[in-house]
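Trainee: In the UniProt record's numbering, the protein residues as written are 1 to 260.
Incorrect hints may appear among the rest.
As the list claims (entries may be wrong) - List time: in silico PhoX-like cross-link candidates among lysine-lysine, alpha-carbon distance up to 25 Å:
1) Lys49 / Lys163
2) Lys29 / Lys76
3) Lys224 / Lys92
4) Lys92 / Lys49
5) Lys153 / Lys163
6) Lys76 / Lys153
7) Lys76 / Lys92
8) Lys49 / Lys76
The set of hints was computed from the structure by calculation and includes no laboratory data.
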Amino acid sequence: MSGRAGLALLTLVAGLWASSGLAQEVAAKASYVVTLGGNTVATASITLKDAESRYTLALDATVSGIGQFVAAGGAKASANGRSTASGLAAEKFDITTRSGRDMINATVAYTGGAVSTFVVEPPMINTIDRVPIERRHLNGVGDMLSAFLLRGKALDASLCNHKAQVFNGLERFNIALRFGRTDTATSRRTGYQGPVVVCLIDYTPVSGHYTSSEVTSFLADNDKMMIWYAPLRDTGYFIPYRVLIDTAYGDLSMVLTELG
């Protein structure tokens with residue numbers, strides 16, 4: 001459970017990184033540690049490159065610490081597309097997850113905010129409890145990395161006025177942020193010290209998921225999911241400083257450890 005919980009958090013908020021149309025090149029790498037009940041279960045890094053008109057995002061996550069005693073695993077994901085004044089427009093998304101001996105790869109192409117093609121290997125099993133993905137579910141969507149990378153003019157409550165319709169090749173779901181409070185990050189053990197904005201996270205499954213999935217039900221019913229946003233220097237981007245999800249096994253937390 002520990003290793004899988006860490007990967008579940010990473011794949012949910014890997015993109016939870018708001019848009020001012022700032023025209024400048026950006027290159028950054030953020031490293032995170034994921035803990036469950038205070039014990040390390042995974043590590044991750046997210047890399048961003050924005051060359052003014054084009055962007056790329058990459059996630060590399062690995063189960064570590066006590067998570068390795070439950071299941072070896074990891075996840076790699078990438079996204080690219082156009083960077084515009086109104087935000088990031090995804091064109092391609094790819095994700096590979098490993099859990100024990102099992103591996104799943106999904107590749108999605110987007111055109112004009114709609115899914116043009118997607119391939120999953122091995123194919124998902126359409127059992128009676130899997131909610132069918134309909135064509136209308138594939139319009140007005142983006143990938144899970146780009147959807148959560150925030151850009152904005154200021155570190156304030158407006159950052160939390162953010163909604164995303166996401167299709168990752170496997171599932172279609174919605175994410176909505178709500179303002180929680182302002183705070184200050186002070187720990188010298190983390191990769192940032194300074195003001196942050198705390199947003200509350202609402203997760204709504206739409207299709208592609210299994211109604212019997214404990215993880216899906218847990219995320220949909222959880223009323224204690226929060227994300228702390230910090231500025232990525234003076235780039236106009238804002239990235240997660242911390243993510244916190246309450247679980248029956250203790251707090252599942254992802255914290256920024258290094259920013260380069």
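Trainee: All hints, please: hold or fail.
Mentor: Here is how each hint holds up against the structure:
no.	hint	verdict
1	Lys49 / Lys163	holds, 23 Å
2	Lys29 / Lys76	holds, 15 Å
3	Lys224 / Lys92	violated, 31 Å
4	Lys92 / Lys49	holds, 15 Å
5	Lys153 / Lys163	holds, 17 Å
6	Lys76 / Lys153	violated, 30 Å
7	Lys76 / Lys92	holds, 14 Å
8	Lys49 / Lys76	holds, 16 Å
Hint check: violations occur at hints 3 and 6; the rest are consistent with the structure.
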